[in-house]
Amino acid sequence: MTSDNFKDIRIAFFDIDGTLIDIGRKQITTKTAEALIRLKEKGVKICLATGRPPSILPRFPGIDFDANLTFNASYCYTDDEVIFRNPIPPADVQTVIRNAGKINRPVAVAGASRMGANGSDKDLEDYYAISGHDLVIADDFDELSREEIFQIMLGCREEEYPIILEGVQGAKITAWWSRAADVISATGSKGFGIEKVLDYYCLTKEQAIAFGDGANDIEMLKTVGTGVAMGNASDIVKSAADDVCGSAAEDGVYYYCKKHGLI
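If you use the numbering used here, the sequence shown corresponds to residues 4 to 266, in order.
Source of the hints: derived by calculation from the structure; they are not laboratory data.
Any given hint could be a false lead.
[Said to hold, decoys possible] Using 30 Å as the maximum straight-line C-alpha spacing, the simulated DSS-like pairs for lysine-lysine come out as follows:
{"#": "1", "residue 1": "K208", "residue 2": "K261"}
{"#": "2", "residue 1": "K105", "residue 2": "K29"}
{"#": "3", "residue 1": "K43", "residue 2": "K199"}
{"#": "4", "residue 1": "K199", "residue 2": "K105"}
{"#": "5", "residue 1": "K45", "residue 2": "K241"}
{"#": "6", "residue 1": "K262", "residue 2": "K43"}
{"#": "7", "residue 1": "K225", "residue 2": "K43"}
{"#": "8", "residue 1": "K48", "residue 2": "K261"}
{"#": "9", "residue 1": "K199", "residue 2": "K241"}
{"#": "10", "residue 1": "K208", "residue 2": "K10"}
{"#": "11", "residue 1": "K208", "residue 2": "K48"}
{"#": "12", "residue 1": "K241", "residue 2": "K29"}
{"#": "13", "residue 1": "K29", "residue 2": "K261"}
{"#": "14", "residue 1": "K105", "residue 2": "K262"}
{"#": "15", "residue 1": "K262", "residue 2": "K125"}
{"#": "16", "residue 1": "K241", "residue 2": "K208"}
{"#": "17", "residue 1": "K34", "residue 2": "K48"}
{"#": "18", "residue 1": "K45", "residue 2": "K175"}
{"#": "19", "residue 1": "K105", "residue 2": "K125"}
{"#": "20", "residue 1": "K125", "residue 2": "K43"}
{"#": "21", "residue 1": "K199", "residue 2": "K10"}
{"#": "22", "residue 1": "K43", "residue 2": "K29"}
{"#": "23", "residue 1": "K34", "residue 2": "K175"}
{"#": "24", "residue 1": "K125", "residue 2": "K261"}
{"#": "25", "residue 1": "K29", "residue 2": "K175"}
{"#": "26", "residue 1": "K225", "residue 2": "K48"}
{"#": "27", "residue 1": "K208", "residue 2": "K225"}
{"#": "28", "residue 1": "K175", "residue 2": "K43"}
{"#": "29", "residue 1": "K199", "residue 2": "K225"}
{"#": "30", "residue 1": "K261", "residue 2": "K105"}
{"#": "31", "residue 1": "K241", "residue 2": "K225"}
{"#": "32", "residue 1": "K10", "residue 2": "K261"}
It should be emphasised that the depicted structure is a prediction, and the values quoted were computed from it without experimental measurement.
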């Protein structure tokens with residue numbers, strides 16, 4: 004997309020951690036918040052696209068998002084209705100839990116309204132801490148795990164992925180941090196969720212822009228007309244994007260939007 008065509012942007016999707024929120028500061032900067040407010044004033048819809056569950060989405064004063072794509076877009080909704088839901092097949096939930104147990108990895112499972120873990124380890128605790136939340140052990144974990152589950156979170160390394168997914172048919176791993184991973188439906192991704200949201204608003208990919216920094220953002224960046232990788236993203240993410248902006252710590256979203264006349 005050329006600079007002249009940025010005037011056609013009608014919707015913007017944002018990852019949270021490492022994009023809107025600098026992981027070091029664990030909070031949104033004044034300029035990044037200003038960018039979101041001014042986008043809305045310009046008539047651009049703003050949407051969160053995150054691996055986080057609904058229950059731990061951040062609240063930014065004065066900013067109301069038009070849609071939330073949670074669980075890596077496996078559960079997408081507005082304030083008024085659910086746009087798309089894509090839970091993990093129940094049999095696969097139980098298989099992942101058993102597989103993780105074989106390598107002494109506790110897991111946290113998350114549904115639309117609640118989440119809980121069957122134990123803890125440092126990797127999983129630190130994964131939660133990135134978003135500023137504590138890991139909660141669920142006394143009724145077995146019952147919880149048999150509800151509609153959209154995401155399983157666990158501490159692990161890439162070499163453990165095959166063990167975790169052994170015998171799993173309808174789920175996959177997506178990850179943006181080297182010490183943990185999210186398990187979601189095999190047909191799920193931020194890109195797929197964005198397609199559903201664009202259909203909901205009757206918008207085209209050319210009218211959409213997205214900002215992200217993690218490996219789980221790659222499909223999102225490829226789905227929209229303009230995919231922008233943060234300066235703090237890996238080279239793999241940057242190579243998948245159409246453009247690169249400054250880092251989250253450097254107010255990359257604000258200055259990119261300012262440069263291209265979006266705000």
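Checklist entry - Hint by hint, which ones does the structure fall short of? => result 2, 4, 14, 15, 18, 20, 23, 24, 28 and 30
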